[in-house]
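J.: Protein sequence lines correspond, in order, to chains A and B. If you're matching positions, the first sequence starts at 1 in the numbering used here and goes up one per residue. If you're matching positions, the second sequence starts at 1 in the numbering used here and goes up one per residue.
I should point out that these hints are in silico values taken from the structure, not numbers from a laboratory. All clues given are correct.
Per label pair, the in silico range of CB-to-CB distance:
| no. | chain 1 | residue 1 | chain 2 | residue 2 | range |
| --- | --- | --- | --- | --- | --- |
| 1 | B | E69 | A | A22 | 40 to 50 Å |
| 2 | B | G55 | A | N217 | 13 to 23 Å |
| 3 | A | K191 | B | E69 | 23 to 33 Å |
| 4 | A | P47 | B | D21 | 20 to 30 Å |
| 5 | A | E190 | B | D21 | 35 to 45 Å |
| 6 | B | E69 | A | A213 | 37 to 47 Å |
| 7 | B | E69 | A | E126 | 49 to 59 Å |
| 8 | A | E246 | B | E69 | 37 to 47 Å |
| 9 | A | E119 | B | G33 | 21 to 31 Å |
| 10 | B | G55 | A | E185 | 34 to 44 Å |
| 11 | A | D201 | B | G33 | 22 to 32 Å |
Quantities reported herein were computed from a predicted structural model and do not represent experimental measurements. Virtual Cβ for every residue (Gly too), placed ideally from N, Cα, C.
For reference, the chains in residue letters:
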Amino acid sequence: MTGSRPSAEDQPAPSGPEPEPADAWWSYCVLWAQDASVASGLEGLEPGSRVEPVYHDVLAALVSRVPLAEYGDEPLRAHLEDLAWVERTARRHEAVLDVALREATIVPLRLCTLYRDREGVARLLEEHGETLSQGLRRVEGCLEWGVKVFADPRSPSRPDEPPPPGGEGSTQGRGASYLLRRQQERALAEKAGEVRARCVDVVHERVGALSRASIANPPQRPEAHGREQTMLLNGAYLVERDRRAELERVIESLREEWGALGFTIELTGPWPAYNFVSGAAGVMS
Amino acid sequence: MNDSGSEVLSAAPSRLSAGDDVALIDLLDRLLGGGVVLAGDITLAVADIDLVYVGLRALIASVATAEREGMALP
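Just chain B, with the same shape it has in the complex (with noise of 0.2 Å):
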């Protein structure tokens, strides 16, 4: 039960990989590519969430390689 009653408790965990420090790509990975799929109903149809899922590490790709470089980010 909450305590205080009246405070939203925003979920700030404490942890090894918490918040920025954990690399986005290995979150996405896990998150796109793992855990369970359960189809609701609005919910991307599993192809187009794999589409979805290529296209964001394209695009994590693309945008380490400009970091690593020096590139100017749009």
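Bound-form chain A, shown alone (with noise of 0.2 Å):
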């Protein structure tokens, strides 16, 4: 394994020999076996590796050779801890599904899915086929959209909202106007809320008419995602292909309606249905 690039001649067949035990297979996610050739000439995470199917029944799971000497599980671990292997590797694993995604529908598996042989890919696909079978059916035909909420911390704002009165020209005690004025103040923070929590209502609920599901997950933490502003909300969507147009138009309504308050709504996708694949099953093994 020298990463050279295999030419014409040389490709390995599917049926081809299975790797030394110097090499393991990484797994991207599972398709129906008709849609397997979407991955195609694909390179895989390691340069010079190719994308393959695996197939059982009406099922195909997508892999790659991976060298043992990086992703045992030893090395893995190491690698892990390292942000920067981590997002290379995710982004080389996330480009692989997205041309997947473009022409089939796929159950995408979570990071560091590793198999010793593809026999072993093989039996994951039988044992599961039928709850695999289920995630493939229940998304369908579509995309998941992630749809999230600002608020600029000093949001809501209404540039025609008059100064709170009781001020310096009072002829009240100052007790009096301090009291007046920390009322005001907690009056208008106990609106802002009530506009934030009725931006998010009306946000999660107008992207959900168009969606199959939907769900709201908890709000990154600002350590998380590393901006000024507040999120409200974090939403996940499976949006029919089709309905992609129409999401893209309620988002700049919503935009319109709402960005003079402060609020910041964007848009990120298309993604495979992470957030809507499973059932209640958790972990398959």
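Can you join these two chains into the complex? Each is in its own frame, and there are hints to help.
T.: Given below as structure tokens:
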């Protein structure tokens, strides 16, 4: 395994020999066997490797060869503490899924799903075929989209809102004016909270209305997203492929409605249906 | 089928959130927290992945905070 690119003459056939014990198989996703060709010609995580299908019955898993020297248990754990390695690996992994997703419905697998041989992959497809098929059917014809709502820390603000009364010109005693001001601040904060809640409700409901399924995940912490703004909504939506334009129009319309109040609405995607493929079942082993 | 025969095509998708404009936290939220978990042979156990995930999020958090505060990164 030197990483040299295979030429047309020596392309490995899917039914070729198993890799030497020095290699393992990294898995990307599961899809219908009839769709497995969407990944033809794709390069896998490791330069020079090919993304290949492993079939069982109506299903196929997309896998590619990786060296155990880097992806065995111990080296892998070490790599996972290196954010740069994780980022490179995650983006290359996701890039393969993105290509598959253009043409096919896929069940994405968690990062770092590895097998010692292709028989192991086929066995998993056999054991969990029914659950995997259900997952594929559940998200068939759809893409996942992320919608996040951020609030400016000072929002909502209305340009036409009058300043709170009871300032320096007041003839009331200092104590009374202070209390009045505090009351007004509390009222404003409560009102701001109501406006934020309303924004979240409207966005989630409006996008949900054109989705097959939707979920509001916990907003990311500021330390995680690194933004000054406060995240109010971290939604994921399963939307049929042909409703994409409609989704984009709805987002644009929501931005027009809420932008002036200091809310930012972000759309990410399309994603494989990470948030919707599994039913009640958690880990399958 | 691969029409060019000799090229190994790198996956270079064009999409709304391709490559670097996808926030790493969004990507990892999905890759480590979503999808289907099939226990592989060499795989980290589910509990281990969760620990890795927590650690990575903390690491991302510290990088994000450092960038925001203009600190020099190691």
